[in-house]
Structure formats: C-alpha cells, structure tokens
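Whenever a hint applies, use it, and build me the whole structure from the sequences.
2 protein chains.
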Amino acid sequence: MFTEKFLEVLNHEGVVSIVSCSNNEAHVVNTWNSYLVIVEGNKILIPAAAMIKTEENVNSNPDVKLTLGSKEIMGHAYMGTGFLLEGTAKFLKDGEHFNNMKEKYSFLTRVLEITVNSCKQTL
Amino acid sequence: MFTEKFLEVLNHEGVVSIVSCSNNEAHVVNTWNSYLVIVEGNKILIPAAAMIKTEENVNSNPDVKLTLGSKEIMGHAYMGTGFLLEGTAKFLKDGEHFNNMKEKYSFLTRVLEITVNSCKQTL
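Protein chains in written order, with this note's numbering: chain P, 2 to 124; chain R, 2 to 124.
The set of hints was computed from the structure by calculation and includes no laboratory data.
Fair warning: there could be bad hints in the mix.
No copy labels: a pair is met if it fits in one copy or bridges any two.
As the list claims (entries may be wrong) - Below, in silico cross-link-like pairs of lysine-lysine (DSSO-like), each with a Cα-Cα straight-line distance of 27 Å or less:
#1 K6 with K54
#2 K54 with K72
#3 K6 with K72
#4 K72 with K103
#5 K72 with K121
Because the structure is a prediction, the values reported are computed rather than measured.
Written out as structure tokens, the structure is:
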C-alpha cells in the first residue's frame, strides 16, 4: 500500500491537507507530515484537536483525500515528490489506537483514522 | 489582504493544495509554495501543466480553497504556520499575465488565476 518513497516523505516535515466534502462544498484542514502514524498496513492515524467541520462532513460523507509531499525527495522527473491518498475517515474517541496516540500527542481530543484505499505518487 | 507572515511562507518551500469541488466531490491538486506569484494585490497566479479535473470543476464551480504553510515559521503558538485561502479561479490561456508567467515557468500550458477573497492564518 505505502511505498518506500511515501514513507520517506513522512520523515521530511511539510504540510498535509485533509479534504472532506459535503453539500457540494469542500473543506480542508491541515496537519504535519510528522504527525501521521501508520497502523495495520493500510490505516493512518492523525491527532485531531479541532477539525469540527471535518468531523461533521465525514459523518455524512466519509470519503476523504489527503495530499502531502516534500521538495527534498526526488519525484518522477524532478526534485520534489507528492502523494494523493484516498480513503474513508472516522473519528476515534477511545480504544487502543486512541490511547497510543494520546500518549504521543497529548493535545489531541480525538484521533482521525483514515482507511486508505489508494496512495498515488503524483509528482 | 496578504500579511507579512503569509509572504514569508512563500519564501519557504512546501506543498500547496488547491481544492475544487463539483458534483459533491472534492478534487485536490498540488503545487509548490515557490510557484505562487502575487499580482494586483489580491490575485495569485500559478503555473498549470495538467490540472485537467481542476479546470473542469472551476468551469462549473469557480470556488476554490488553497492551503499552504511552513514548519519553519512561527505560528500562533508553536513553530509552524499554515494558511487557508478562499477565492475564485479561472484558467488563463493568453494575455499579459499568461505571457509573464510563461517566461518564468516554461512548462506551463495555462495559468491558474485565483482572485482571493480571504486569507486566514490557521496555525
């Protein structure tokens, strides 16, 4: 699911965009590459403090898209690579993943869990 | 419209997300902080090579959202700042802005022009 190049991106700091959509309006929030935690091979956990509108959106439409990248990693043709991920989201408020994340990111109030269906290198 | 801190972000490399929406599905493409050119006080020009789906979307719904940031610039409370921009988009295929951008970014086929209504610091 996740290539070596994708995992390399997580080790370079940058802005991640998380896009949700409902009522034909897209909403986007950001987090940092270094906050993404991969579990169970195809899931990404992200600490959530606010993300109120994102939570509202995924309650009616769980499909989300994430983008992230790094200019410091070689892409298809030039320096700089980027990835587009598609998956479904839910917010965790308890359980093992929640507890593990809370230890690492004490500021979180929920954990955004994304089950990734597709992870494509775009650049 | 654009704060000094926003302009500072443009001088630090990072991934920009451009989000468009139509038929209740969000689409997102990426570019680099260093590719954004500000003109006329409230417009951002971005070189476009592909962005086919984005162009389709803005033809039916011109509202777009952009996010960008840098972990190397101080935010509200911690290191790392991010911005959410909202505006309307169109694709330029000729004219002065197109010609100026083509000189700088020879790979472009069109210029994505975003008229920015709002530029908020989110972090």
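Evaluation of the provided hints:
no.	hint	result
1	K6 with K54	between (31 Å within a copy, 25 Å between copies)
2	K54 with K72	between (30 Å within a copy, 23 Å between copies)
3	K6 with K72	both (12 Å within a copy, 21 Å between copies)
4	K72 with K103	between (30 Å within a copy, 22 Å between copies)
5	K72 with K121	both (16 Å within a copy, 24 Å between copies)
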